[in-house]
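If you read the sequences in order, they're chains A and B.
Count along the first sequence from 1, then add 15; that gives the number in the working numbering.
Count along the second sequence from 1, then add 15; that gives the number in the working numbering.
Some hints here could point you the wrong way.
Since the list can't tell identical chains apart, any single copy or any two copies may satisfy a pair.
Stated by the list, open to error - DMTMM-like, lysine to aspartate or glutamate: derived pairs with alpha carbons at most 20 Å apart:
1) K20 to D151
2) K265 to D233
3) K352 to E178
4) K20 to E122
5) K126 to E191
6) K265 to E178
7) K352 to D188
8) K20 to E31
9) K20 to D123
10) K57 to E362
11) K57 to D34
12) K352 to E122
13) K20 to E252
14) K57 to E108
What the hints contain is simulated information worked out from the structure, not anything from laboratory work.
Just so it is clear, the structure is predicted and the values come from calculations on it, not from any experiment.
The chain contents come next:
2 protein chains.
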Amino acid sequence: MAELKNDRFLRALLREPVDVTPIWLMRQAGRYLPEYRAVRQKAGDFMTLCSTPELACEVTLQPLQRFPLDAAILFSDILTIPDAMGLGLYFAEGEGPRFRNPVRQPEDVAKLAVPDPEGPLRYVMDAVRLIRRELDGRVPLIGFAGSPWTLATYMVEGSSSREFSCIKRMMFDQPELLHRLLAILARSVGEYLRAQVAAGVQALMIFDTWGGVLTPRDYREFSLRYMREVVAALPRESEGRRVPSILFTKNGGQWLEDLADSGSDALGIDWTTDLGDARRRVGDRVALQGNMDPCVLYAQPQRIRDEVATILESYGPGSGLVFNLGHGIHQHIEPEKVAVFVDSVHELSRPYHTETPR
Amino acid sequence: MAELKNDRFLRALLREPVDVTPIWLMRQAGRYLPEYRAVRQKAGDFMTLCSTPELACEVTLQPLQRFPLDAAILFSDILTIPDAMGLGLYFAEGEGPRFRNPVRQPEDVAKLAVPDPEGPLRYVMDAVRLIRRELDGRVPLIGFAGSPWTLATYMVEGSSSREFSCIKRMMFDQPELLHRLLAILARSVGEYLRAQVAAGVQALMIFDTWGGVLTPRDYREFSLRYMREVVAALPRESEGRRVPSILFTKNGGQWLEDLADSGSDALGIDWTTDLGDARRRVGDRVALQGNMDPCVLYAQPQRIRDEVATILESYGPGSGLVFNLGHGIHQHIEPEKVAVFVDSVHELSRPYHTETPR
Chain A
16 MAELKNDRFL
26 RALLREPVDV
36 TPIWLMRQAG
46 RYLPEYRAVR
56 QKAGDFMTLC
66 STPELACEVT
76 LQPLQRFPLD
86 AAILFSDILT
96 IPDAMGLGLY
106 FAEGEGPRFR
116 NPVRQPEDVA
126 KLAVPDPEGP
136 LRYVMDAVRL
146 IRRELDGRVP
156 LIGFAGSPWT
166 LATYMVEGSS
176 SREFSCIKRM
186 MFDQPELLHR
196 LLAILARSVG
206 EYLRAQVAAG
216 VQALMIFDTW
226 GGVLTPRDYR
236 EFSLRYMREV
246 VAALPRESEG
256 RRVPSILFTK
266 NGGQWLEDLA
276 DSGSDALGID
286 WTTDLGDARR
296 RVGDRVALQG
306 NMDPCVLYAQ
316 PQRIRDEVAT
326 ILESYGPGSG
336 LVFNLGHGIH
346 QHIEPEKVAV
356 FVDSVHELSR
366 PYHTETPR
Chain B
16 MAELKNDRFL
26 RALLREPVDV
36 TPIWLMRQAG
46 RYLPEYRAVR
56 QKAGDFMTLC
66 STPELACEVT
76 LQPLQRFPLD
86 AAILFSDILT
96 IPDAMGLGLY
106 FAEGEGPRFR
116 NPVRQPEDVA
126 KLAVPDPEGP
136 LRYVMDAVRL
146 IRRELDGRVP
156 LIGFAGSPWT
166 LATYMVEGSS
176 SREFSCIKRM
186 MFDQPELLHR
196 LLAILARSVG
206 EYLRAQVAAG
216 VQALMIFDTW
226 GGVLTPRDYR
236 EFSLRYMREV
246 VAALPRESEG
256 RRVPSILFTK
266 NGGQWLEDLA
276 DSGSDALGID
286 WTTDLGDARR
296 RVGDRVALQG
306 NMDPCVLYAQ
316 PQRIRDEVAT
326 ILESYGPGSG
336 LVFNLGHGIH
346 QHIEPEKVAV
356 FVDSVHELSR
366 PYHTETPR
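From just these sequences and the hints, can you work out the full model?
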């Protein structure tokens, strides 16, 4: 493998000194880029794009050709695992993801097996191998998965949800059944992420998109517990280097202390939590990633720079921060605004690092 | 006016001793009740239901005929104020609320005036007067309004939103324009709530449904600040009795300390915050209202009772709690489950009060 030319992102996740604060964007390969929309149209449907390694590789690299980002993230979907379990994932135009065979009954759960990452998910690993080759050491490649709880919400609801009535009914009335489902998912996510590391990813992120819809008690029992299991199963090193992991519970700002004890190296933070407060609360246990409101990218360039300055000032000096949005970039953002954002982070963060050369 | 026979709700909001913990449900007059659906169908559309005092009165009283609730809440909508400002509110079937004339430009804001509560909003005050007469002192009547920020989101977006891109763009690029809009709304909400008190409501609630989509800084500047202005303008007494106010920022669990200093008597709490933690954080500054996950009402009766017991235990002994859901009741809940819920709160809370007869 080519030597890594820019390792700021990996160093910041381990709170090692960096020259400037690294930055990447959630959904940086996405619909706001005209070149993405062109490939997406060529592919026909979203799952063809995900499951064709050459196309997944092409869109993964697109944002790096435009912006000096400090990491690439595998282009894929969090629902590849339930799809590989036979649930029949499909995307209806203008709607979110749907499953032909949702999981509702004990016999639905009993039928599920941990998918072989080099079997039905081989297309993901092939994409990782191809992207690593094409990246040629420019920046690290991030692999990812959905959290067991988040995957379970889609599998039980059968689609996106606002109320989560099906999975919560299962949680309240058949908690053992839900625990069985989550246990299978935790093993599946663990094996999937290990295989991604074996195929070449250099950092890992777990997206707990829907952990924030739970009570604190239910969050600990049904989401955090299984993320811990996943983290415990991850390889610590690959290619002679630590493989850092990032946990991100959207709307999980009230539970940062719990998350900081989960064994991961870093936490994703959304914009409802002040980054300076978050840093004080987690101390030196974990690095942080975030947390600009994606809507700031609708604003004028100077306003974007001002917001970056405010967030950097709130975090303060020293390493341990990976700049990002607090959620995925919106599809109607102009790419020129992203250029302003990325450049602002690199420019404005330099004094926070040169002043503390540890 | 008839003397109030059950004042538990008002006493708990002022942290005065009560025999059992009072309970009401957000959206207790709503689609989960077959008798509501019948009136709704008779009315034709939702706004006719809101704007016909006899019908609004009828549905306000319906849940009290089924369940021993400790408060009634005026049946209305938070968007009556922008409608009275001339924005043209309508509800398309199966969609959320929409405005024919959203507020986007400086001239749109310049055109807005504080609506006379006894002018275009007289139907609301007439409903209050009629409901008070029909209630005949059984339980107190709650009046309400949306927070200035929450009203502004609908007025600027023109509809419900998931990303709030229009109002946030205004917030970032034209903050003075948004401040002008929010100032007019704060005056309008203040006058509207004062008029509701004059017409007979005995407690007030401000719904800040969308404050939780902001950063902590923006929340303080664009939502909390204007709720403070509203609270400062409210009458403290009516009919010789204190009129308590409740602020509820959905997903505002991280900002309870700020909310507790806003001048209101109580805070609404959603289920993502533990009620015992919330009580420790706000001390004796405010009472609390909440916070069961509405989805618990999908569960079996014993599970509902268990959850009520857990929440009561978390809050602990003494007054200062109004039991409620953490959000409005869902439309597919069976009314029998609500009966279990209400009875459980009254039954299971008694030991927490008799043991501390202050």
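Going back to the hint list, which numbers does this structure go against? 4, 9, 10, 11 and 12
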